[in-house]
Amino acid sequence: MTQLKKSDVRLDTECRPDFPALHQDISSHPLVYLDNAASAQQPSTVIDAVAYYQRHDHANVHRGVHTLSYRATEAYEGARDKIQSFINAAKRSEIVLTSGTTESINLVAQSFCRPRLAAGDKILITHLEHHSNIVPWQLLCEQTGAELVVAPINKSGELRTEAFDQLLTDDVRIVAIAHVSNALGTINPVKDIIAKAKSRNIAVLLDGAQSVPHMPVDVQDLGCDFYAFSAHKMFGPTGVGVLFGREAVLDAMPPYQGGGDMILEVSFDGTTYNDLPYKFEAGTPNISGVVGLGAAVDYLRSVGMTRIAQHEQQLLEYMTRRLEGIDGMRLIGTATEKASVQSFLVDDIHPHDLGTILDHQGVAIRTGHHCAMPVMDFYGVAGTARASLALYNNIEDVDRLIEAIAKARHIFG
Amino acid sequence: MTQLKKSDVRLDTECRPDFPALHQDISSHPLVYLDNAASAQQPSTVIDAVAYYQRHDHANVHRGVHTLSYRATEAYEGARDKIQSFINAAKRSEIVLTSGTTESINLVAQSFCRPRLAAGDKILITHLEHHSNIVPWQLLCEQTGAELVVAPINKSGELRTEAFDQLLTDDVRIVAIAHVSNALGTINPVKDIIAKAKSRNIAVLLDGAQSVPHMPVDVQDLGCDFYAFSAHKMFGPTGVGVLFGREAVLDAMPPYQGGGDMILEVSFDGTTYNDLPYKFEAGTPNISGVVGLGAAVDYLRSVGMTRIAQHEQQLLEYMTRRLEGIDGMRLIGTATEKASVQSFLVDDIHPHDLGTILDHQGVAIRTGHHCAMPVMDFYGVAGTARASLALYNNIEDVDRLIEAIAKARHIFG
Amino acid sequence: MNAVDIHSGDDLRDLYRELILDHARSPRHFGKLDDATHTAEGINPLCGDKLRLFVRLDADEKIAAASFEGSGCAISVASASLLTDMIIGLTVTQALDSFAIVTGRLTGSDTDRELDAAIDLGKIKALDGVREFPSRVKCATLAWHALNSAIHGQSTPISTE
Amino acid sequence: MNAVDIHSGDDLRDLYRELILDHARSPRHFGKLDDATHTAEGINPLCGDKLRLFVRLDADEKIAAASFEGSGCAISVASASLLTDMIIGLTVTQALDSFAIVTGRLTGSDTDRELDAAIDLGKIKALDGVREFPSRVKCATLAWHALNSAIHGQSTPISTE
Ligand SMILES: Cc1ncc(COP(=O)(O)O)c(C=O)c1O
Ligand SMILES: Cc1ncc(COP(=O)(O)O)c(C=O)c1O
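Protein chains in written order, with the working numbering: chain D, 27 to 439; chain E, 27 to 439; chain X, 2 to 162; chain R, 2 to 162.
Just chain D, with the same shape it has in the complex:
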């Protein structure tokens, strides 16, 4: 059996003890968690930071003069600073805290695009997007008469760049594209895309839900206008996400939702909105969730994004090799540049049946369309099985996956 070098890439030995959920049995087998692209587990530091906040520091933020409110505000705004530095945004006002990637993208569709779109304008996405980066644009097109243009992919699951270039015409108002595909693992050539779009003054949104947990991300280096991601995929809590937006762009946008905190003055004669980023944070935010996200950022930085990327890269190669070794295996998503995700089908076992049999052996994978039905249509399948890695996964996890698949083939055999 091929082995990874046991050198400094064995992140898992270092990190696994930090994640309580990994240390449990499922159907009497130690859990192997390979559903990280759907949602990752949390280290104790995140869980404890949230609980500590609730036990000691909770109050509403921003408008309070009393001690707890001050502490809550410091904790909340302190997390924003951590996020800013984590993705290297130029200013803290560029970090808008949302409820997740989905809300971040909807915010851009409604606040940035909707007021400036005319019938016939185009929005350019790709065929490999997550529903969260499709449906908000479809809704927007219905509302405005704009047209959704979809750049095609090839059989490996890679963007067809020559076709993309042709679709990138001057009537495109925004390019919205996944940094990393959740169904296929493809890493898109986003720097190229941004350069081409910028040369035509077209705005670019990157859906970073699947990149931020797995590789270093530097929004200034990328040069995109918007970058959206979710805390729960990067070892933080659910219900929290981030929209990075360039200050000049955010400044020119009307608010998304109305409510407390996003205003400076409200009167029935007229209301003035608050400064960035508060203009986009209406209502009481997910304070404890943001505190948890701050702790998750601390955790990721302490491990180091480059080491994480290396570890996962090697593990992905190992997993791909092992999967390829199985008779009747069909890998879906075989791009040259890939991260942390492998979709597949075995024989004609329905992925859902496969998922059940694997779960019965303690191996958690996701099965189905992965919120990327157009990708499934492209490959002519109803769904796939998907194993997705995180920093805590290891060779043993992959071996358990392979053995469990063998058992499924045996049952269906």
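No wet-lab data here; the hints were simulated from the structure.
Certain hints may be false.
[To be verified] What follows is a list of derived Cβ distance ranges for each label pair: (1) G105(X) with G146(E): 52 to 60 Å; (2) L174(E) with T362(D): 51 to 59 Å; (3) D51(E) with L97(R): 36 to 44 Å; (4) H49(E) with G109(R): 28 to 36 Å; (5) D218(E) with D244(D): 55 to 63 Å; (6) L22(X) with R118(D): 55 to 63 Å.
Glycine included, every Cβ here is placed at the ideal spot set by N, Cα and C.
Dock chains E, X and R with the ligands against chain D, hints included.
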């Protein structure tokens, strides 16, 4: 010193031990937390339910076949059932989980109202609303040319019902009104208002952020179309809220945000939306927050909403009497029907200075405009000090408040 | 992986019995029924199962023919196949009774012995293994819900999520 | 409440010194300056403080007159009042230096001794008590930020939230 009857209304003795945050010193004084209208503290059962979920059951919901995903889905959907029964909604599909009251109201403004509003149509609110029930309608008016009509209040902070009746004309498309005012404590005559609106076929949204934690709420008995509230004011986590909507009304609305989970099928030729309530829950929801909200509902039911209302009513009466006894006291908000909140000003001490001095004695109150600037304008003040009660507050808390105010008067004296 | 085999063999074998695998591989009455009097679609967004059930009622309210088409996991396909096998020849009332019985059996929510006795479940009992797999119950009941709505003449697709 | 008095008396008394209370009650240079050459508004959404600062620069870039109007808590009003007292007669450079020094002193982020030495802080030191009350620092610095933006000719209201 007047005393409450020590009978079964001493809820606080029963409940206080359950709330860890209450048992700490602030500036070397035991904390007196009177900022509940801004955000309430959480019982251990809520904090522990969230942490337990994170340690044992976390995965993404709805689309997973593996055990953790199943457990997470059960926990999430189980909380929805609890909420349904708590507010007595007819169906679980009427319970839409949102990020808070603010998002709930924005959802109604954008999905229910926006597609059906024409220039000149009216939206009727009142002068005592929270910014969350003003600004979404102002944004909507800008977007559609509709007109925001504001029903006046009287000096006690009560809705002027005869004026309201005159404003309730047939061109009103929705009445949006607080069940209980967060700045003044006024309980609005919502059953009357709903009856009048219904007789003209006008939709009604109630902002229940300040009612759900303090009194029994039965949405079927009320007969409103929408009811919005936030978990963090009812002893649950931040970042979670509820929109109750009548099934027939929700059914006829287009989705609010696009993304995962709110669809049945996505293709570039057209997308079909999911059933209720999922149509309105795009993206990964705040799973742990919803689990916490479920635990908060369990907590409230175990204590009993009628007992809570009685306890707070008696404590509010006591607090009002004690405040009235202070020289230079000006009570803001003196409606006959009130709940759990008292705003006030003392001498010409700026509320913010008062807040600091009280905090220094361990007494946490909120000061400022309470996200209700039009109310402040109405009374001609820049802000007020506000003490707001919850089930765990007691006579000693009120006594500490009174003493702390005396100290402030002494300093400014 | 001996531990796995020893421990988990039974539940899984119970779920994926030969009869189930057989019906999944070679579904009976598969295809469109051109002269159907009733039809309904069932969708299970969880696994992407999607099937359409066809029923032809004859003059005396008996099910003269039944078929289904679509795709899904082994459990939902086998369940649909077993369903068509079973309901042909039943009266509408018996078919609705069997809907109630089967869904009740599988969800554990309803075990009306009286009904149970009245109708011969036959091979449908092969689905019982699904009870140990709560996340799969919806696969097993999908076709039955479609049957119910087909008979009641509902036209929108029903979803078991 | 003896405990309160014994323990917390000092910090609070330090914050609300007589000088501060005096300036809060009877602010100096209060009102509009009709011939102002520079003006800016400061808003602190936290407590609803809102004030407008007026400055008149004479030909040789000295501050010939300064005033403010608006409303706010004792700390922000006293701070504005002390500010106007202090800056009249300073050069623009000195005024900007004192902005840097005062905000630095109060936030603890910047304690440039050199600057400190060059300018006589005088009564401004009465604001030092605010350092023990981090949530109030923004009240104390509000007028100073308004001064800074007035001189730099910014026209949108500045907010210290
Ligand atoms: C009456 C009222 N409505 C709406 C809100 C907004 O709630 P949230 O900030 O949780 O969205 C609040 C609380 O601040 C409130 O008191
Ligand atoms: C690529 C991608 N985009 C968007 C999303 C949506 O994220 P969320 O559900 O957290 O809003 C996901 C995760 O499901 C994703 O993988």
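(request) State the violated hints by number, sorted upward, taking the hints as numbered earlier in the document. (result) none
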